[in-house]
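J.: Residue numbers (UniProt numbering), protein chains in the order written: chain Z, 1 to 341; chain Y, 1 to 746.
Source of the hints: derived by calculation from the structure; they are not laboratory data.
All residues carry an ideal CB built from backbone N, CA and C; glycine is no exception.
Incorrect hints may have been included.
For the chain Y half of the interface with chain Z, some residues (derived, Cβ under 8 angstroms), not all of them [to be verified]:
| id | residue |
| --- | --- |
| 1 | 123 |
| 2 | 547 |
| 3 | 550 |
| 4 | 556 |
| 5 | 619 |
| 6 | 620 |
| 7 | 622 |
| 8 | 660 |
| 9 | 668 |
| 10 | 673 |
| 11 | 674 |
| 12 | 681 |
| 13 | 737 |
| 14 | 742 |
| 15 | 743 |
Under the rule of at most 25 angstroms between Cα atoms (straight-line distance), these lysine-lysine pairs were calculated in the DSS-like manner [unchecked claim]:
| id | chain 1 | residue 1 | chain 2 | residue 2 |
| --- | --- | --- | --- | --- |
| 16 | Z | 314 | Y | 733 |
| 17 | Y | 50 | Y | 20 |
| 18 | Z | 301 | Y | 744 |
| 19 | Z | 314 | Y | 744 |
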Amino acid sequence: MNSFTFAQAPAIDAAVREKAGQPGSAYIGGGTNLVDLMKENVERPTHLIGLKKLGLDSITASADGGLRLGALATNADTAWHPEVEKRYPLLNQAILAGASPQLRNMATDGGNLMQRTRCYYFYDLATPCNKREPGSGCSAIGGYNRIHAILGASEACIATHPSDMCVALAALEATVRVSGPNGERTIAFEDFHRLPGDSPERDNTLEPGELITGLDLPAKGFEKNYSYLKLRDRTSYAFALVSVATALELDGGIITDARLALGGVAHKPWRDKTAEALLIGQPATADTFRTAAAQVLAGAKGQGTNNFKIELAKRAIVRALKQATEMNQVVDDNAFQNSNP
Amino acid sequence: MTLQTDYIGKPTSRIDGPAKVLGTAKYAAEFNVPNLLYGHVVSSPIAKGKITKINADPVLALPGVHQVFSHENVPSLAWLDRSYKDDVAPGGSPFRPLHKPEIRFSQQPVALVVADTFELARYAASILEIEYEEEAHETELTQHIDEAFEPGRGKTGYQPPKSRGNFGRGWEQGVAHVEANYSHHAQHHNPMEMFATTVEWLGDKKLNVYDKTQGAFNSQQYIMKIFGLSKDEARVISKYTGGGFGSGLRPQHQLFLAVLASLELQRSVRVSLTRQQMFSFGHRPETLQHVALATAEDGSLTGINHFAVAETSQFEDFTENVVGWSGTLYDCKNVKLGYRLSKLDVYTPLDMRAPGAASGSIALEIAMDEMAYAAGLDPLEFRIRNYSDFDQAQNLPYSSKNLRACYREGAAKFGWDQRTPEPGSMRDGNLLVGWGMGGGIWDAQKQPALAKVSLDADGHLTVSSGSNDIGTGTYTIMTQIAAESMGLPIEAVTFVLGDTELPEAPVQGGSWTAASVGTAVQEACAKLGEQLLKQAQKMDHPAFKDAKIDDVQFANGQMRLRSDLTQAVVLRDLVQASGEPKIEAQNSKLPGMVDMIKPPKYSMHAHNAVFVEVKVDPDLMTVHVTRVVNAVAAGRIINPKTARSQVLGSVVWGISSALMEESVMDHRFGRFMNHNYAEYHIPVNADIHNIDVIFVHEEDAEVNPLGIKGLGEVGLLGVAAAVANAIYHATGKRVRDLPVTIDKLL
């Protein structure tokens, strides 16, 4: 870790100005990922701009009937907020599927979007990585890529975005509010994270110096039929091999609206609108689910040790859609009972 | 001395528990001695090659940086290999940190940056410019099976496996056969406490060395020989160890580096490894195994063939007993065993909980399950039909063996008789249910150890031995044994360990500490008893005038005449009357030595049987281990509470081994890539459900007077295989390459 200076920014515009005036500076929210990356020398900011004095930690109703999440609301406070639990239970489930209680108490909602890939090679300075050092090569291709992308990867990078929360936000069509040197703007969630292409060093579409100030959830929360299914190598505290966020509206067994997004499979939360269209107007049956799953994975490409994720993702999609449909008889993958004979 | 049972065999809470919970138990990196400097290790990014240039000037120019140690400036140290050999070193030429520019494994320590603060040392280490010339490395065991060789007597105590009978004939005699390959990958111990050494410079080469180790004396000998220090100059202290599992059996390189820096700079120095650097030294070796079994019509084994190839480094031959157990655990005339090593560009593997046996039992116990199916027998019934009542490998009777009770009591507790054999035949709602079993065998070992007891005028007994407590409960059980032996309340006994100024004890490993140090404590107490009797006889105490030691007993803080319990003298009165501040006694090392030279009359082993339930989602193939019953026969259990904890930990480790644990090497870099707690997966609480531990009754007067067989390893055996067998029973999928991750079941 290099030496750095630290200052709490008193206000949003001051923070943005400070960032613009100090090359090599970085915003810090909860620090749950940035500090790790600094310890590994992956990130070497010379100055940290603390955001905790900005406020931005409240969760409030918005004019259009939706909910606004302050960028500095913690993941824990968000997950357990009564309105989130009641109206956006998919988001509650997704957040609670990630990290650990301690991390969720520190991590902020804005920071959740900003966390970087957990690619083993990105984290290890002894190996080339285009995301860390553009042009050096991608070690994950042809290497150990169990947690890597099967969709939307490029020859420069096959990293995945590690968030659970963001998969739900993609499915719910959240909007990201940002402030920057050129003022405020909003970014549709699907446009926030990007695919690696030939510039994998860029995780998202933020312009230099821009700061996330909040997230807007639309009024529709799909609180009746939803599922967040996360498959991983242990029951907690592991990143998703595959996760599925799905939300449905049903009318007499017919799907009238559908959202489907995957985590752990791409450089961004992977929402497939074509697959959603295949669900809408169809009966909520296993056949329908399989058709949608096949569509999502139609263009999937394995990288060797992650080939299994293509089949796993298909099965996960079918299961998540089934769970969302049968909300009253959910089989919770983690709720194993002991059965002494 | 007759053994009372006031404390021995009674569940007793950890004596060191409050200190650990309150944070007063200090670990190696927590000794904040005055004027401390901090060293940070620089690790090699390449697996093989050499350093061509080190540019230390920019680092040395940083205010607060004291020195950059590397092969370029390390002073002349001991030059014979034997000076670098520790008690647990295998055959070969031990790695010497900062000795030469050659790189022999990835993450090899190549430099130590020493600075005023930890943060500065770490930063300076990150900018140290080192140039390397890379050479092609070989790290892939599967590519180097043909070059594997039979190691000689590598490590102390290692015996090459011995075949018997004629396996070929046994194979032909069989009517049912199984034959398959099994494998598991490297695993790292990853104790919670990272390796660290704080060296306190006391002036004039005199050091207090606070080291994370499983053997203070082993660390002491190591630095004495390398740096030419005397015993007085190199005091090693290790009162608390935050997990060992074998990783602390050998001195790790932070010890060498901290002592080097301290002696050179004449300052106190601390060196702590990072979690990533915890993957820079010994590990359980990747092992490839082949097992072939044949049975006769009645299900009796007619032939066993077990062959293993394991990795080792280019410079040492790490050996462990992987296949030997297959010649002991079951009754069979024709046994063919083979064990080979292949040299790779990695660091030397290291004993890791149940070394060898954990690996061997995976292959043997999955093969036994496959054989049971091939022979049309229940896996438990199959094992009972092949029960060994006599150790055919050593040609000796067992000193005791109550594995039958493990089978019986374990199966009853689990409800094994409710099992339907057909794979996929048991369900819980939508979930597939699988029941599998396994088991194992481990040596009951004993090493020479010394202990001293000292009774003061207040009647308080201080017991000391330079052993370690790696979390196993050594503090507690030694206190129990001493309190029991001297008839004192447990509160009147203090046990002291982890210091080379104390009587010498072996490294804590091999499940031998309870038997070795426990016996030493018992012997020392017996000697103290004799002295106390002499003291009573010096006093005007007619009842004891002609008494022999066998005529007295120690109870209620008194020495009493067995023939007339009213004739008693309070122990503290004996000390007070002696005119000395305390009466002391120490056991002699000799009995242990003699034991070791005498040809054994018995085969001495601990055994276990483990029963596992898994539930598997039939579509997603997620596996949960919902129930485990582990029945253990390990002689006398001194403290059922800490013993149970030991076995619980073993079961968790077995589940980990079966489903998650794997140090993944990218052979293009010759480097373990998941080198952190986030990606090196071990179970979390949510992965662990019901675990029942049973200690079956087993009396053994031959192993040692206390009847202890040791518990550190045996509980792990067969767990991983039982999980894999349960998965087969649930799904019909036989996975022979562990861990059984989801990709192998889809």
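J.: Please go over all the hints and tell whether each is borne out by the structure.
T.: Cross-check of the supplied hints:
1. 123: holds (6 angstroms)
2. 547: violated (56 angstroms)
3. 550: Interface hint status for residue 550(Y): violated (50 angstroms vs cutoff 8 angstroms).
4. 556: Nearest chain Z Cβ about 44 angstroms off; hint violated.
5. 619: Where the cut-off is 8 angstroms and the nearest Cβ of chain Z is about 5 angstroms from residue 619(Y), the hint holds.
6. 620: Status holds, d = 6 angstroms.
7. 622: Holds - the Cβ of residue 622(Y) comes within 8 angstroms of chain Z, reaching about 6 angstroms at its closest.
8. 660: Interface hint status for residue 660(Y): holds (6 angstroms vs cutoff 8 angstroms).
9. 668: Interface hint status for residue 668(Y): holds (6 angstroms vs cutoff 8 angstroms).
10. 673: This hint holds: residue 673(Y) lies near chain Z, its Cβ roughly 4 angstroms from the closest one there, short of 8 angstroms.
11. 674: Cβ of residue 674(Y) sits 6 angstroms from chain Z, so the hint holds.
12. 681: holds (5 angstroms)
13. 737: Status violated, d = 13 angstroms.
14. 742: holds (7 angstroms)
15. 743: Check passed: Cβ of residue 743(Y) comes within 4 angstroms of chain Z, closer than 8 angstroms.
16. 314(Z) to 733(Y): It holds: about 21 angstroms lies between the C-alpha atoms, which stays within 25 angstroms.
17. 50(Y) to 20(Y): Violated. Residue 50(Y) to residue 20(Y) sits at ~44 angstroms, over the 25 angstroms cutoff.
18. 301(Z) to 744(Y): Holds, at about 19 angstroms.
19. 314(Z) to 744(Y): holds (16 angstroms)
The structure is inconsistent with the numbered hints 2, 3, 4, 13 and 17, although it conforms to all the rest.
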